[in-house]
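There are 2 protein chains.
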Amino acid sequence: MVERTVFFLSDQTGVTAETLGHSLITQFSAKNFRQMTLPFIDTEDKAREAVRTINAVQEQGAPRPIVFSTLVQGEYRAILKEANGLHLDIFDVFLEPLARELDEEPSFEPGRAHGMSDIDAYMKRIEATNFALANDDGGMSRNYDVADVILVGVSRSGKTPTCLYLALQYGVYAANYPLTDEEFESGKLPDFLVKQKEKLFGLSIDPDRLRQIRKERRPMGKYSSAQQVRFELRETGKIFRRYGIPNVDTTKFSIEEISSRILDSTGVERRVRP
Amino acid sequence: MVERTVFFLSDQTGVTAETLGHSLITQFSAKNFRQMTLPFIDTEDKAREAVRTINAVQEQGAPRPIVFSTLVQGEYRAILKEANGLHLDIFDVFLEPLARELDEEPSFEPGRAHGMSDIDAYMKRIEATNFALANDDGGMSRNYDVADVILVGVSRSGKTPTCLYLALQYGVYAANYPLTDEEFESGKLPDFLVKQKEKLFGLSIDPDRLRQIRKERRPMGKYSSAQQVRFELRETGKIFRRYGIPNVDTTKFSIEEISSRILDSTGVERRVRP
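Chains as they are written, first to last, in this note's numbering: chain D, 1 to 274; chain X, 1 to 274.
To be clear, the hints were calculated from the coordinates, so they are not data collected in a lab. Just so it is clear, the structure is predicted and the values come from calculations on it, not from any experiment. Careful, some of the hints might be misleading.
You can't tell identical chains apart in this list, so a pair holds if it fits in one copy or across any two.
[Claimed, not checked] Calculated lysine-lysine pairs in the DSS-like style (CA-CA distance at most 27 Å, straight line): (1) Lys222 to Lys124; (2) Lys199 to Lys252; (3) Lys215 to Lys252; (4) Lys124 to Lys215; (5) Lys238 to Lys81.
Sequences and hints are given; from them, build the entire structure.
So this is what it looks like as structure tokens:
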């Protein structure tokens with residue numbers, strides 16, 4: 001089967017076009033999409049260059065490409081339409097009904113999404129990231145009073161990337177604390193965590209999956225043995241039940257999904273929006 | 001002016017609806033949108049609950065809400081359409097032309113975007129995140145041989161969050177190295193960086209903005225003084241020119257934009273896609 005190219009065109013980062021396009025193409029089984037992002041198309045030259053890139057694909061005998069685009073400026077959108085492909089343009093489709101509803105003309109200024117329009121949002125995300133780093137793995141500051149949420153779970157259950165994602169994407173202050181032998185032997189959480197009980201959120205994971213992840217780090221030894229992994233997860237379950245800690249099984253979820261489920265379940269507010 | 005509510009509905013995380021909707025509403029000047037995400041609408045009960053939430057807004061006398069939705073399953077989409085609002089549904093609009101083009105029926109299975117469909121992608125993002133953490137701030141592993149890119153710049157120019165974003169979003173291996181007095185006095189980069197010259201990418205920043213950011217951390221002293229900040233940025237500029245390091249001014253950009261510009265400028269390939 002010949003590879004089909006999917007283009008994501010944008011006058012900005014291309015994140016919106018990528019996210020939208022990815023949602024849609026995953027509805028189709030064809031696994032051999034070649035994905036290509038052409039960001040920052042903000043001059044006539046760049047628009048014409050993009051047209052050449054898109055048309056070059058078909059000259060190589062491939063099926064006509066699919067083109068997701070989120071360009072704001074009509075002038076460059078018109079140029080891009082000259083490219084041979086299936087054009088799916090979110091501004092074409094949604095801007096007009098939105099303008100009618102809001103009784104206002106769109107600004108047609110590029111770069112207001114994902115832009116630095118909001119320095120405050122930038123600072124919040126940076127500060128949340130610093131918080132996550134300083135409060136990672138039970139370490140350093142344990143500044144749990146200002147945390148929005150404190151993730152608990154065994155080593156490699158996904159705590160660190162989830163905390164960083166919550167910080168970068170939503171400006172949420174997420175700390176994490178690893179459950180280790182200390183907790184498993186006593187069956188108890190340390191007092192400084194019990195005091196923050198309503199902020200705790202658990203990450204659980206399937207034993208086989210955890211072994212697989214741990215083996216990437218340390219292939220041999222107790223750390224990734226079936227027995228140890230089962231023991232840790234069994235004891236973790238007891239602790240979650242003992243303290244009534246809400247939790248999510250991370251086995252089948254991406255970092256985005258784990259993060260969304262935490263926000264949804266805890267009701268923690270996003271401090272910034274993507 | 002009465003607040004207008006914008007809903008983002010999804011049977012998954014809501015990230016796609018949020019990203020799309022945010023791109024569109026930033027085209028309008030109204031600043032007082034109230035944004036609300038209703039994720040994981042994957043049962044009839046949850047769909048009916050969402051309808052109640054949406055309708056409740058108008059009962060309070062507010063203008064009718066704008067509803068961005070990315071639900072896959074027709075059954076729940078039909079229920080949600082009963083809610084009073086301006087519905088902008090990306091699946092309604094784009095799925096049909098895409099199906100025709102690909103000559104294939106969509107699966108209508110929720111959760112294939114942002115899903116754990118790809119364990120390999122999850123692992124890549126986790127590993128890239130661990131790499132960024134271990135190679136942050138010139139520290140620890142300095143495992144630059146396997147880096148895709150090495151960011152250089154002064155303290156607080158945005159290196160750490162950018163590296164973490166590149167890792168989490170794209171699975172890119174991004175290290176960073178801070179420029180400090182050592183480099184400024186000699187005017188030179190250390191040999192282990194010069195050896196990786198083609199991987200270096202610089203972050204520059206406006207002096208006033210850098211002062212503002214540094215003051216958040218340490219309000220007093222040399223670190224955030226006008227003189228020091230100007231000195232560091234002047235010397236940084238010399239080093240960028242001496243070694244021909246491509247660079248981006250982070251002053252006006254969000255973390256997404258800085259990241260996209262780095263990928264665009266260096267040609268580093270995304271290892272995973274959002």
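Problem set entry | List of violated hint numbers, smallest to largest | Of the numbered hints, just 5 does not hold.
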